[in-house]
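Number of protein chains: 2
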Amino acid sequence: MPPLPPGSTIGILGGGQLGRMLALAASQLGLKSHIYAPEDDSPAFDVSAARTIASYDDEAALRAFAGAIDVATYEFENVPAATVDFLSGMIPVRPGAKALACAQDRINEKTLARELNVGTAAFAPISSLEDLHKHLRAIGTPSVLKTRRLGYDGKGQAKILEASDAAAAWTAMRNQPSILEGFVNFRSEVSVVAARALDGTFRAFDVTENEHRDHILHRSIAPARLSPSAAEEGAAIARRFAEALDYVGVFAIEFFVVSDSGRDTLLVNEIAPRVHNSGHWTMDGAVTSQFEQHIRAVAGWPLGSVAMRAPGAEMVNLIGEDIRDWQKIAAEPGAFLHHYGKREARAGRKMGHVNRLLSEAPN
Amino acid sequence: MPPLPPGSTIGILGGGQLGRMLALAASQLGLKSHIYAPEDDSPAFDVSAARTIASYDDEAALRAFAGAIDVATYEFENVPAATVDFLSGMIPVRPGAKALACAQDRINEKTLARELNVGTAAFAPISSLEDLHKHLRAIGTPSVLKTRRLGYDGKGQAKILEASDAAAAWTAMRNQPSILEGFVNFRSEVSVVAARALDGTFRAFDVTENEHRDHILHRSIAPARLSPSAAEEGAAIARRFAEALDYVGVFAIEFFVVSDSGRDTLLVNEIAPRVHNSGHWTMDGAVTSQFEQHIRAVAGWPLGSVAMRAPGAEMVNLIGEDIRDWQKIAAEPGAFLHHYGKREARAGRKMGHVNRLLSEAPN
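As given, the protein sequences belong to chains A and B, one line each in that order.
If you're matching positions, the first sequence starts at 10 in this note's numbering and goes up one per residue.
If you're matching positions, the second sequence starts at 10 in this note's numbering and goes up one per residue.
There could be a bad hint or two in this list.
Since the list can't tell identical chains apart, any single copy or any two copies may satisfy a pair.
[To be verified] Derived pair list, reagent style SDA-like, types lysine to any residue, alpha-carbon separation capped at 25 Å: (1) LYS337 - SER314; (2) LYS168 - PHE95; (3) LYS337 - VAL315; (4) LYS337 - PHE211; (5) LYS337 - GLY321; (6) LYS168 - GLU323; (7) LYS143 - LEU13; (8) LYS164 - ILE338; (9) LYS337 - ASP208; (10) LYS337 - SER17; (11) LYS337 - PRO14; (12) LYS164 - PHE265.
No wet-lab data here; the hints were simulated from the structure.
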């Protein structure tokens with residue numbers, strides 16, 4: 010299939026900062042963006058050629074959207090599977106329904122990891138308090154109970170420090186199908202942001218090391234402080250996932266790094282079938298940003314170079330009130346400020362980020 | 010005056026590729042763009058939050074535009090002075106009318122250069138064939154007759170190789186006030202792209218060396234192959250112009266480099282009171298692009314770093330049919346493709362450009 014020529018339109022489901030940065034990347038390549046989002050103040054609207062404000066189950070709006078675009082993609086994994094199925098009947102949606110079905114359910118993610126012979130925390134599906142009691146005996150404490158679907162940034166999670174916490178944890182899940190995960194005593198958290206093109210070409214950016222605060226990504230550095238063999242393993246695992254899911258586009262796999270007799274081992278924590286916050290450093294720190302890479306893949310273009318543009322790179326999120334520092338950051342030599350143009354700086358809301366290049370690799 | 014906060018709107022007169030790249034740069038900083046242009050298929054519309062399609066003398070449209078924006082700027086120097094005057098009565102226009110008046114008239118440009126003690130080609134204002142004959146005797150041949158106003162990319166110019174060409178050259182000017190310029194036997198053409206902030210801070214990018222084909226910029230490399238003292242002189246001249254014009258924003262000065270007893274001397278050729286094609290390499294080759302730098306200045310922000318991100322950088326324009334190579338360029342490792350999203354690849358039309366970083370400075 011030939012690549013979509015400049016002038017073609019990429020339809021993007023979701024109008025947040027990821028959709029915004031995808032739209033900006035598309036326009037550099039001469040491609041137009043059409044944003045589909047339910048919120049009328051979506052930050053991506055300000056940089057796109059066209060917009061549809063409608064809910065994800067509005068079939069008439071989706072039909073018109075499909076008629077106005079050449080390919081569809083999405084900026085978040087919680088877009089309803091039915092929406093993607095409906096669009097897929099009319100135009101290509103990349104990545105496809107298979108990737109979405111896997112990433113929308115933590116049990117599917119971890120089951121695929123097992124099939125691919127990739128390590129994860131111990132886990133079990135939980136549908137009742139009885140299930141929970143039973144599996145707690147095998148998995149032990151501390152452990153974490155999470156909803157299988159729709160969790161992000163620590164939402165829909167409950168810690169179980171001892172068996173007596175079980176009932177409260179299950180109540181917090183509000184009867185939603187859940188997953189019990191054994192606690193992992195990790196040394197660090199890293200992610201692999203990678204892309205697979207329409208022709209199957211695969212490229213991974215340097216592994217990124219992530220530091221969270223209050224369950225939200227605070228800071229990423231690249232390359233991650235990791236043994237070379239573990240870094241290679243991370244990219245190899247990402248490739249296996251991409252091939253298993255027949256993936257097209259950028260995705261991220263979050264890993265726990267555990268030290269096992271002095272050797273770094275990677276356990277899959279989560280898969281995001283989209284551009285990812287931990288890949289934001291690529292905007293200034295890699296030859297091709299993850300956003301351009303995703304657009305290239307989705308449009309059927311060859312992937313761009315993933316080479317780093319400096320020995321190291323750092324990304325710090327500007328969450329909520331952090332954004333008030335914009336003037337200070339704007340005046341800092343060599344700081345790359347990215348402001349998402351959101352009106353209201355609510356607590357916990359991602360308002361922007363700042364990238365910095367490092368003259369040495371992190372150590 | 011405090012800087013315009015993110016969420017503010019930059020009004021941009023002109024909707025071509027320069028307006029488009031300005032709008033993209035603004036959005037990275039959380040600023041919105043409102044494009045004002047007469048053409049309904051302006052490439053900048055696709056990446057801006059708002060647009061006005063109206064002629065530059067439509068006072069009602071200009072009034073509404075002024076009411077919807079926080080500051081105005083322009084992407085080309087041939088915006089009518091009356092338009093800028095009219096807007097200036099309602100909102101700040103940066104750069105201001107003074108810079109525009111200078112840059113719109115080749116005699117004004119060169120007169121200012123003389124006042125600032127900066128070299129130019131020999132020149133004289135021409136209003137009649139008698140003027141032309143008279144000044145040809147002093148300036149000699151070869152020389153060039155140009156309209157004082159509205160010339161670009163070689164339009165409105167006629168070469169005079171010998172005195173007998175004078176009548177034809179004057180006819181080609183169609184009675185417009187003109188300028189006779191002595192021929193300069195230059196070694197190379199270079200430009201200084203620089204910025205002055207609202208608080209008077211001045212920063213110049215590395216001097217760029219430019220190669221033209223058919224009077225249109227074909228290729229730029231940075232840093233220019235120039236003696237260090239001439240490079241310093243270029244930046245110093247740019248600063249003098251900026252201060253004399255009370256300039257706010259990015260501008261470019263094009264110079265001829267002449268070798269004078271083995272020493273590089275700079276003669277001012279032209280001033281562009283706007284972002285400039287010869288500064289496109291900064292998008293990938295400098296910490297701050299000229300587009301972000303202009304937006305920073307216009308919004309009253311501190312200027313960004315002008316440090317180069319590699320020992321050298323190259324920009325090649327994609328003119329007319331050149332754009333057909335987009336697939337080849339997209340597949341070239343390390344090539345930064347910028348496609349302007351214009352529908353029709355007319356001959357001589359700037360359709361895009363490609364940047365490449367060089368591992369060594371040009372020599």
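Verification of the hints:
1. LYS337 - SER314: Classified as between; 14 Å across copies, 32 Å inside a copy.
2. LYS168 - PHE95: Neither: 37 Å inside a copy, 64 Å across copies.
3. LYS337 - VAL315: Result: close only across copies, 18 Å inter versus 30 Å intra.
4. LYS337 - PHE211: Answer is between; shortest inter-copy Cα gap is 19 Å, intra-copy 39 Å.
5. LYS337 - GLY321: Only inside one copy: LYS337 and GLY321 sit 22 Å apart there, 30 Å across copies, limit 25 Å.
6. LYS168 - GLU323: Intra 30 Å, inter 55 Å, cutoff 25 Å: neither.
7. LYS143 - LEU13: neither (53 Å within a copy, 59 Å between copies)
8. LYS164 - ILE338: neither (30 Å within a copy, 44 Å between copies)
9. LYS337 - ASP208: Cα proximity of LYS337 and ASP208: across copies only (16 Å, versus 44 Å in one copy).
10. LYS337 - SER17: between (39 Å within a copy, 18 Å between copies)
11. LYS337 - PRO14: between (41 Å within a copy, 12 Å between copies)
12. LYS164 - PHE265: within (19 Å within a copy, 63 Å between copies)
Violated hints, in rising order: 2, 6, 7 and 8; the structure is consistent with all others.
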